[in-house]
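> Those letters in the sequence shown? Residues 1 to 89, per full-length UniProt numbering, in order.
Everything labelled a hint here was simulated from the structure, so no lab data went into it. Mixed in with the good hints, there may be bad ones.
[Claimed, not checked] Each pair of labels, with its calculated beta carbon distance range:
#1 A70 with C34: 22 to 28 Å
#2 V18 with Q44: 15 to 21 Å
#3 I83 with R20: 25 to 31 Å
#4 P82 with A41: 25 to 31 Å
#5 P53 with P82: 17 to 23 Å
#6 A38 with D75: 22 to 28 Å
#7 Y24 with T87: 29 to 35 Å
#8 L47 with V18: 34 to 40 Å
#9 E67 with A41: 31 to 37 Å
#10 V88 with R20: 18 to 24 Å
[To be verified] Derived lysine to any residue pairs resembling SDA-like cross-links, with alpha carbons at most 20 Å apart:
#11 K42 with P55
#12 K42 with P53
#13 K39 with P21
#14 K39 with T50
#15 K42 with L23
For every residue, glycine included, the Cβ atom is placed at its ideal position computed from N, Cα and C.
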Amino acid sequence: MNTFWKRDNVAGQLTRNVSRPLLYRCFVYVQVWCESIAKAAKFQQVLTDTHSPPPYRVNQALANQPEFAAAFHCDVGTPMNPIERCTVW
1 MNTFWKRDNV AGQLTRNVSR PLLYRCFVYV QVWCESIAKA AKFQQVLTDT HSPPPYRVNQ
61 ALANQPEFAA AFHCDVGTPM NPIERCTVW
């Protein structure tokens with residue numbers, strides 16, 4: 001079983017050097033904002049909802065964390081490792 005897990009656990013291979021708190025934060029964002037929505041409903045959501053659509057809530061939150069880019073080896077200047085980031089504090 002352990003050999004199978006090591007060989008076929010792609011998520012584990014991608015995240016083996018990522019800290020547990022960062023992994024937890026990433027998975028929480030994804031789980032909370034995961035959705036399957038029709039194109040027309042998305043359009044309506046953008047027009048009427050005051051909040052950003054879920055993909056932007058997840059990607060922007062993670063893209064603004066340098067730890068995310070470092071952990072997942074995102075190239076500088078890409079959407080998940082922008083040159084300019086929003087900072088809160």
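> With reference to the structure, classify each hint as holding or not holding.
Do the hints match the structure? See the list:
For A70 paired with C34, a C-beta distance near 24 Å keeps the hint of 22 to 28 Å intact. Range check, V18 to Q44: Cβ separation about 36 Å, and the 15 to 21 Å hint is violated. Take I83 and R20: their Cβ atoms lie about 28 Å apart, and the range 25 to 31 Å holds. Taking 25 to 31 Å as the suggested C-beta distance range, the pair P82 and A41 conforms, at roughly 29 Å.
Hint check: P53 to P82, Cβ distance near 19 Å, so the stated range 17 to 23 Å holds. A beta carbon spacing of about 33 Å between A38 and D75 contradicts the range 22 to 28 Å that was offered as a hint. Y24 and T87 have their C-beta atoms about 22 Å apart, which leaves the hinted 29 to 35 Å range violated. Hint check: L47 to V18, Cβ distance near 37 Å, so the stated range 34 to 40 Å holds.
Between E67 and A41 the C-beta distance comes to about 33 Å, which sits within the given range of 31 to 37 Å. One distance hint, 18 to 24 Å for the beta-carbon pair V88 and R20, holds here, with the actual separation near 23 Å. Taking the CA atoms of K42 and P55, the gap is about 11 Å. The hint holds against a cut of 20 Å. Of the pairs offered as hints, the one joining K42 and P53 holds, with about 8 Å between alpha carbons and a cut-off of 20 Å not exceeded.
A distance of roughly 34 Å separates the Cα atoms of K39 and P21; the hinted pair therefore is violated under the 20 Å criterion. Only pairs whose Cα atoms come within 20 Å are accepted, and K39 paired with T50 is accepted, the gap being roughly 18 Å. For the suggested pair K42 and L23, the alpha carbons sit about 28 Å apart, so the restraint of at most 20 Å is broken.
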